[in-house]
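Asks: Sequence:
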Amino acid sequence: MEVVCEADFQSSQWVERRSVGDDQVLFLGPRCSKSVCASQYNLKGNCIFFLDDDRCQWYWKHAPSAPSSYAIFDMSDESVRLPLPRGSCKGEEAPATWHFPRG
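According to the numbering used here, the sequence shown is numbered sequentially starting from -16.
For the record, the hints were derived by calculation from the structure and aren't laboratory data. All values reported here derive from a predicted model rather than from experimental measurement. Take these hints with a grain of salt, some might be off.
Only pairs whose alpha carbons sit at most 20 angstroms apart, straight line, appear in this in silico SDA-like list of lysine to any residue [said to hold, decoys possible]: (1) 27 with -6; (2) 27 with 66; (3) 17 with 53; (4) 17 with -3; (5) 27 with -10; (6) 27 with 62; (7) 17 with -10; (8) 27 with 81; (9) 17 with 80.
With beta-carbon atoms standing in for the labels, derived distance ranges [stated by the list, open to error]: (10) 82 with 27: 17 to 25 angstroms; (11) 13 with 64: 17 to 25 angstroms; (12) -5 with 66: 33 to 41 angstroms; (13) 19 with 64: 13 to 21 angstroms; (14) 22 with 85: 17 to 25 angstroms; (15) 60 with -8: 28 to 36 angstroms; (16) -6 with 62: 26 to 34 angstroms; (17) -5 with 25: 15 to 23 angstroms; (18) 64 with -4: 17 to 25 angstroms; (19) -9 with 66: 30 to 38 angstroms; (20) -9 with 25: 27 to 35 angstroms.
All C-beta atoms in this analysis are idealised placements derived from N, C-alpha and C, irrespective of residue type, glycine included.
Assemble the whole structure, with the sequences as input and the hints as a guide.
Replies: So, in structure tokens, the structure goes:
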């Protein structure tokens, strides 16, 4: 099991979470993070989408073996998916980031 925690600023402690909500999706990245309503974007709820510039395997011990900058952790069944194939890139790589529509 992966451990997901939420910061409780009043008690200055980390609190373990078993869910982000059936209709919530959490996008985590080194430069941008956001929670959105899953049904508004036709996404499966209670998932964490995360970016980390080729280090997903290090964070997710149960992740598939193919390296990726992008992984989805489904808190409902504790599975990890790498939904996009890893592409090759020549030259410098741009850092991974999320882009969200306004509104």
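Asks: Does each hint hold? Answer for all of them.
Replies: Here is what the structure says about each hint:
no.: 1; hint: 27 with -6; result: violated, 32 angstroms
no.: 2; hint: 27 with 66; result: holds, 13 angstroms
no.: 3; hint: 17 with 53; result: holds, 15 angstroms
no.: 4; hint: 17 with -3; result: holds, 19 angstroms
no.: 5; hint: 27 with -10; result: violated, 24 angstroms
no.: 6; hint: 27 with 62; result: holds, 13 angstroms
no.: 7; hint: 17 with -10; result: holds, 15 angstroms
no.: 8; hint: 27 with 81; result: holds, 18 angstroms
no.: 9; hint: 17 with 80; result: holds, 12 angstroms
no.: 10; hint: 82 with 27: 17 to 25 angstroms; result: holds, 20 angstroms
no.: 11; hint: 13 with 64: 17 to 25 angstroms; result: holds, 20 angstroms
no.: 12; hint: -5 with 66: 33 to 41 angstroms; result: holds, 36 angstroms
no.: 13; hint: 19 with 64: 13 to 21 angstroms; result: holds, 18 angstroms
no.: 14; hint: 22 with 85: 17 to 25 angstroms; result: holds, 19 angstroms
no.: 15; hint: 60 with -8: 28 to 36 angstroms; result: holds, 30 angstroms
no.: 16; hint: -6 with 62: 26 to 34 angstroms; result: holds, 31 angstroms
no.: 17; hint: -5 with 25: 15 to 23 angstroms; result: violated, 38 angstroms
no.: 18; hint: 64 with -4: 17 to 25 angstroms; result: violated, 31 angstroms
no.: 19; hint: -9 with 66: 30 to 38 angstroms; result: holds, 32 angstroms
no.: 20; hint: -9 with 25: 27 to 35 angstroms; result: holds, 32 angstroms
Violated hints, in rising order: 1, 5, 17 and 18; the structure is consistent with all others.
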